[in-house]
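Just so you know, the protein sequences line up as chains A and B, in that order.
For reference, each letter of the first sequence is one residue, going -9 to 500 in my numbering.
For reference, each letter of the second sequence is one residue, going -9 to 500 in my numbering.
Take the hints with a grain of salt, since some may be wrong.
Since the list gives no way to pick one copy over another, a pair counts as held whenever it fits inside one copy or between any two copies.
For lysine-lysine, the following DSS-like pairs were computed, each having C-alpha atoms within a straight-line distance of at most 27 Å [stated by the list, open to error]:
no., residue 1, residue 2
1, K274, K211
2, K218, K274
3, K96, K250
4, K26, K482
5, K250, K98
The hints are simulated quantities; they were obtained by calculation from the structure and are not laboratory data.
These figures come from a predicted structure and were not determined experimentally.
Protein chains: 2
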Amino acid sequence: MQFTSKRLGLSSDARVVIIDDDDAFAMNAKPGDRIKLVHLKETGEIDGETVAIINTATGTGLVKPGEVGLYDEIWEQLNLSSKKKTVDIQLLSKPKSFEAIKRKIKGKELTTDEINEIITDCTKGALLPIEIAAFIIGLETQGANDREVVDLTNAMAHSGEILDLGEEVFDKHSTGGVPGNKVSLIIVPIIAAAGLLIPKTSTRAITSPSGTADSMEVLAKVAFPKEKVLEILRKHNGGIFWGGFLNLAPADDALIQIEKPLNSDPFPLMIASIISKKMCMGVKKMVLDIPCGKGTKFPTIDDGRKFAIRFKDIARKIGIEAICLLTSASQPIGHAVGPAIEAREAIYLLQNPEQGSTSLRNKSTELAGYLLEMGGKAPEGKGQDLAIDILNSGKALNKMREIIQAQGGNPDISWENIEIGPFVAEMKATKSGFITEIENYHINRIAKIAGCPAAHKAGVDVIYKRGARVKEGDVIFKIYSDNEERLREAVKYYNSHNPQRFSGMTIEKI
Amino acid sequence: MQFTSKRLGLSSDARVVIIDDDDAFAMNAKPGDRIKLVHLKETGEIDGETVAIINTATGTGLVKPGEVGLYDEIWEQLNLSSKKKTVDIQLLSKPKSFEAIKRKIKGKELTTDEINEIITDCTKGALLPIEIAAFIIGLETQGANDREVVDLTNAMAHSGEILDLGEEVFDKHSTGGVPGNKVSLIIVPIIAAAGLLIPKTSTRAITSPSGTADSMEVLAKVAFPKEKVLEILRKHNGGIFWGGFLNLAPADDALIQIEKPLNSDPFPLMIASIISKKMCMGVKKMVLDIPCGKGTKFPTIDDGRKFAIRFKDIARKIGIEAICLLTSASQPIGHAVGPAIEAREAIYLLQNPEQGSTSLRNKSTELAGYLLEMGGKAPEGKGQDLAIDILNSGKALNKMREIIQAQGGNPDISWENIEIGPFVAEMKATKSGFITEIENYHINRIAKIAGCPAAHKAGVDVIYKRGARVKEGDVIFKIYSDNEERLREAVKYYNSHNPQRFSGMTIEKI
C-alpha cells in the first residue's frame, strides 16, 4: 500500500511508524505489526528501505489517511530528503530467523544459515527488541559451541564493511571493568612508533565514567569517516578512533543495544562482538586484556581463564592470533578517572616516563611488549624492554603528537594545559594507617555523580591506592566537577561510601 | 520535574512519552530512560500514576519545552480529562525486580518476595518489554518449582481484584489448539441449569479464527463491568463474558502481551495464567480440557500428561480442585469454525440435541458431567448421563435463552436466524474415498483468510471429517465470507492446501 511520507520530527529507537486507524484496517494490520517500508527513486530503483512497527493514530490530524508519520531514524534510513514522498508499505510476517531463535532457546545447535539469518535480521531491524532479547537470553542460558560462535563472529563482521589493511595489523582490547584503564593512550603510540600498524577503535563510555574515545576526544577529534581513518593509519601507523562512527559490525551494535539494558553479555556474544569488530578493522594479531575480579565480567580468575581459552581458540579459527592476559582489577590503573584527567595522566606519562604512574607504565608496556614480540620487533621475553625504551626515548610522545595532529588536535599539548575541574574538593584521611582496599564501584559512582562522562573535565584523582601509608589529614582523594551542585553531591556520596578502606576499619555498621 | 500535559492523539503499546530534547538534558535523561509520571489532583492526592519510557523531540513544535506529549494509553492511566494538566516526571533507575529476573536466568530459585516484586512491576509497567521477555525466556529455559509457580499464581491473581462468589463456584477451561471447540456454549447452560454457579470468562480470538467470547458476541453482549457480571451470575447461575473487559489478573495480561509475539508459553506461566484468572472469578472447582496433538501446546499425550499432573497439583495448593482431561485434537469439534457459524452449531445442538454434532455433544456432556459430579449433582460415573438429560430435556436451551437475555441478546434466537456468509463457496470431492486426515492448521488458515475473527459471519463448515466415506462430486467443505475477494483468496488457499486428506492420496509432491 502506498503512503505519503510525513516527518514527525521525533526521535525514537523504537522503530515505529504511525498510520491512520482506517489505513491500518485496510491493510489488515494492527498496532505492533511489523512492516517493510520502501522508498523508490523516480527511476524505480530502491532509494531506502527498512523494517518498522506500526502504531495507529486516532484521527487527531497528526497523520491523515494516506499519510505515514515517520520518526527521524526511519526518515533517514529511507533516504527521504523532501517533505512528501511516496513510501510503499508492506505487512511482514514474523521473520524465519525467529524460528532459529526459538530453536536456540530449546537448546538446539544452530546451523550457519540460521545464524546468518538472525544476524541479517538484527542488522536490518527485522527482529523486534523482545525477539532479540529472547535470542540473547537463549544464548545466556543455552550457550553456543565453537562452530556457532565462529559463525556468529563471521556473520556479525560481514554485517558491515571489512577494511583490508594488509597482513600485519595489530590491536589491543580490554574486556573492561577497571576504572582509569587508559593504557591505549600509551600503547598505541608505542606500537606505531615501533613501525607496526595499530588501528585502535574504541567506545565512548556507556556505563563507565570514561571510554578511551572520550579521553582521546579531549586531545583530538575521534569521529572520522572511513577514508580519513585509512589516510591517518597509512601515514602514521596508528590512530585512536570512535568505533561508533565507523558503523563496524552494525549487527553487533543492534545486539549491544539490547544486551546493555538486560545487563547480559553471554560468552558467545562477548567473543563474537570483540572479534567481529577487530575483523572489520582488518586486525590479524592482538592482545586481549582481561581484568578479573569484583566489578568486572569475570569475578574470579577461573572465569577469566575459561573465557580466555575460548577467545584465543575462536580467534585462531577466524584467523586472528590472540594473546590473552588475565589482569588485576582490584584498583584503578594509574590514579585518574574521567575523560580529561585520564588524558592528562597519559600525556604526563608520555612526557615524564620515569615519573608517571607506575601501574599505568607497567601495564601499558607489558601489553605493548607482547604486541612487539608478535610483530617480530623484539625476541620473546624482550618486548616490554623495547616498549619501555620507546617510551623513555620520547618516541612514543612524538608519535602521540603526530597522531593528535593528524586527528585535528593540538600537537603541542602538554599535560599542564589539559583542563580539569574547575571545581575541586580535596578529601582528607580522617585517621592514619594503611589503605587495604579500594572500591572501584564507588570510585566510578563518584566520578559519574561529578558529571562523567558527559562533562569531560569532571573526574576523580585516587591519590593513594592499596598499600599506601597515609597520615591523618593527608589529602588522599580529589573530586573535580564542572558544576558546584554536582560536586557537592559527589562529596556527599564519597563521605557515605568511602572508596578507600583503611586497615582495621569497620566495613559496615548495621 | 513538572510538565504540562499534551495529548498526542496517538495509540501505542510502547509506553512512551515525548519531551523536548533540552528538558531531557536538564533531567539528565536520555531516550529510552524509564520515568515515573504522576498526575496530582488539586487536593494533592494522586489522581493517576504510571511508568513509561522517554523519547525526545527535536524541536518541531510537536512538543514544546515544558510539555510532555502523551499517547492515549498513558493519558488514560494518568486520568487526565482536560487538555492541560501538570504532570510530575521523575527519572527511575532499573527496578530491583530485574535483579530477580537475572537470578532466574542464572537458574536460581526465586523467593516469594522476588516473585511478588516482578509481578507488581509487570502490572505497573515498571519493567520494559525486553526485561519481561528476559523473564519469560528465563522461565522457559530454567523452569520453576511448584513453590515458585504457586507464588506466581497468587501474585498474578492479586495484581487485580478477586471476586468472592462463595464456596461452590465451577468452571471449565481449555488449553486450546482445536478448531471449533465451542463446548463452553453447551457446558455453561447445562451446568447453570443444574443449579451450579459457572462464571465463564473467555477470550477473544488472537491467533485462532474464533474465541468463545467472539461466538457468544454473535448472540449477546460479552463486555460488562464487574457489578453487572455479578448481577447476572447471581440471578442466572451462569454467563459467558469477555474476560478482557474485567481486567482480571492484569499482570497476566502484561506477560501475555510479550509471550504471544515470542510464541513462548512456559509451563509455569501457562499454569499461573489459567489458575490466577480462575482465582479472580472465585472458582473453586474446575475441569481442564487439554487437547493434545499436532497444532496444540502439547504435541504428545505425554506432554499433556506432564502438564496435567503439575496443573492439578498446583491448583490443589491454591485451593482449587481440578480434573484434567487429555482430549483429542486431531480434527475440529463439531464441523463449524468461525464466530457466527460456531454459535449457530451450538444453538442448533441445544435446539436439536439428538441431531446436532455428535463430537460436540459428546465432548460437552462429558466435560459437563465431571463438573456435575464435582458439584454433587450426580454420583461418580453418572455425570455425563445427567448432562445429556439436561440437554435433551430442553433445560439447557432454556437456560441459554435466559443467559442470552440477561446479556442483552435476543432470547428467541433460533439457529436458522444466525446469519453467516453471505458469500459461500462449496468445495467438492474430486474423487471418491475415505477421509483419513484433517489438517487443523489449514482449516484455521482458510477461516482466517475468509475474514475470521473480525468478520463474525465468515467461517468454514467441515462437512465431512475423519472416517467419512465421500463420493466424487459431494460437497465436503463450505467457506463463508462477508467479502467476495477474501472468499476467492480462501478458495485459492483451500485448493492448494487441501485440509481433508483421502486414503491413498499423495501427501506432498516435491
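So, going through the hints one by one against the coordinates:
In this homomeric assembly, K274 and K211 come within 27 Å of each other (Cα to Cα) only inside a single copy, at 26 Å, whereas the closest approach across copies is 70 Å. For a Cα distance limit of 27 Å, the shortest separation of K218 from K274 inside one copy, 21 Å, qualifies, whereas the shortest one across copies, 73 Å, does not. Taking CA atoms no more than 27 Å apart as the test, K96 paired with K250 passes in both settings, with 23 Å inside one copy and 17 Å between copies. In this assembly of identical chains, K26 and K482 lie within 27 Å of each other by CA distance solely across copies; the values are 25 Å between and 51 Å within a copy.
For the identical chains of this complex, K250 and K98 are neighbours both inside a copy (25 Å) and across copies (21 Å), given an alpha-carbon limit of 27 Å.
Every hint, counting from the list given before, is met by this structure.
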